[in-house]
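**Q** Okay, here's what each chain looks like letter by letter:
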Amino acid sequence: MSAIDHYINAILEQGAAEAREDGSAATEAHHLLLAIADDDGSAAHRVLTAAGLGRQTIRNALDREFEHSLNAVGVSLASFGLPKPSRDPKRPPKVGASARLALERGFAASTGKKDLRPTHLLLGILNTGIGTVPRALTLAGIDRADLMARARETLASGNW
Amino acid sequence: MPAEDVPVPEGPADALAAVVALRRLADQLEDAAVEQAMRAGWSWPDVAEALGVTRQAVHKKHAKRLIAVGVTLRRRQ
Numbered sequence: 001m002s003a004i005d006h007y008i009n010a011i012l013e014q015g016a017a018e019a020r021e022d023g024s025a026a027t028e029a030h031h032l033l034l035a036i037a038d039d040d041g042s043a044a045h046r047v048l049t050a051a052g053l054g055r056q057t058i059r060n061a062l063d064r065e066f067e068h069s070l071n072a073v074g075v076s077l078a079s080f081g082l083p084k085p086s087r088d089p090k091r092p093p094k095v096g097a098s099a100r101l102a103l104e105r106g107f108a109a110s111t112g113k114k115d116l117r118p119t120h121l122l123l124g125i126l127n128t129g130i131g132t133v134p135r136a137l138t139l140a141g142i143d144r145a146d147l148m149a150r151a152r153e154t155l156a157s158g159n160w
Numbered sequence: 001m002p003a004e005d006v007p008v009p010e011g012p013a014d015a016l017a018a019v020v021a022l023r024r025l026a027d028q029l030e031d032a033a034v035e036q037a038m039r040a041g042w043s044w045p046d047v048a049e050a051l052g053v054t055r056q057a058v059h060k061k062h063a064k065r066l067i068a069v070g071v072t073l074r075r076r077q
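Chains as they are written, first to last, in our numbering: chain A, 1 to 160; chain B, 1 to 77.
Keep in mind the hints are simulated off the structure, nothing from the lab. We put the beta carbon where it would ideally sit given N, CA and C, even for glycine. You can take every hint at face value.
For lysine-lysine, the following DSS-like pairs were computed, each having C-alpha atoms within a straight-line distance of at most 30 angstroms:
#1 K94/A x K61/B
#2 K64/B x K94/A
#3 K84/A x K60/B
#4 K113/A x K94/A
Which stretches of chain B does chain A cover? Using the computed rule of at least three CB atoms under 8 angstroms from a CB of chain A, they are:
#5 18 to 24
#6 62 to 73
Chain A extracted, bound-state conformation (with noise of 0.2 angstroms):
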């Protein structure tokens, strides 16, 4: 397997945990951008932590963005005393949709396999303004035109 094989097989397993860890039955896209975060010695990783996106800090912005969505029709985390449900280990959870999507926005954006880099995908992450990535970014104040303009131009520079 080659080294983006490598990644990208890290980034899922990566995601998957994140996505176990709040409950989650899919992988969606946020989990890979906090994979993504989590896993330095990457470009994209660089660029992440240059703009003040550390894994936990984009964390919170998710959790914000929960709530803020569920504000928007009157509901609160906070109104909710159940305690946090036990999550079984073994069974991995499925690549969501919103994953699918980016990866393979992520594919597209590279001009083919021996190209395709970490920030490419990071990349197909942030390239969409739907969804739960640009609504969480959006409400922790980051310029997503801005992240994607740096990460093409960590790409142009050659980096992994």
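Mind docking chain B on chain A? Use the hints.
**A** Below, chain B without anything else, positioned relative to chain A:
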């Protein structure tokens, strides 16, 4: 919350995001509530009836998870 105070989503993006968030919250509540009921000794048919689904459905969705975390389950009836 009084009905007149319930906010209305400002546009389709907020309304659709609310659907996603409510589904996620409902899933979390179901996981927690089923676990709470089974730990309290409820049977699968009773939990299924309370949720308005078949007992096969509730068993298929939750049994492995609860067994994995050591919840003592009553036999299916």
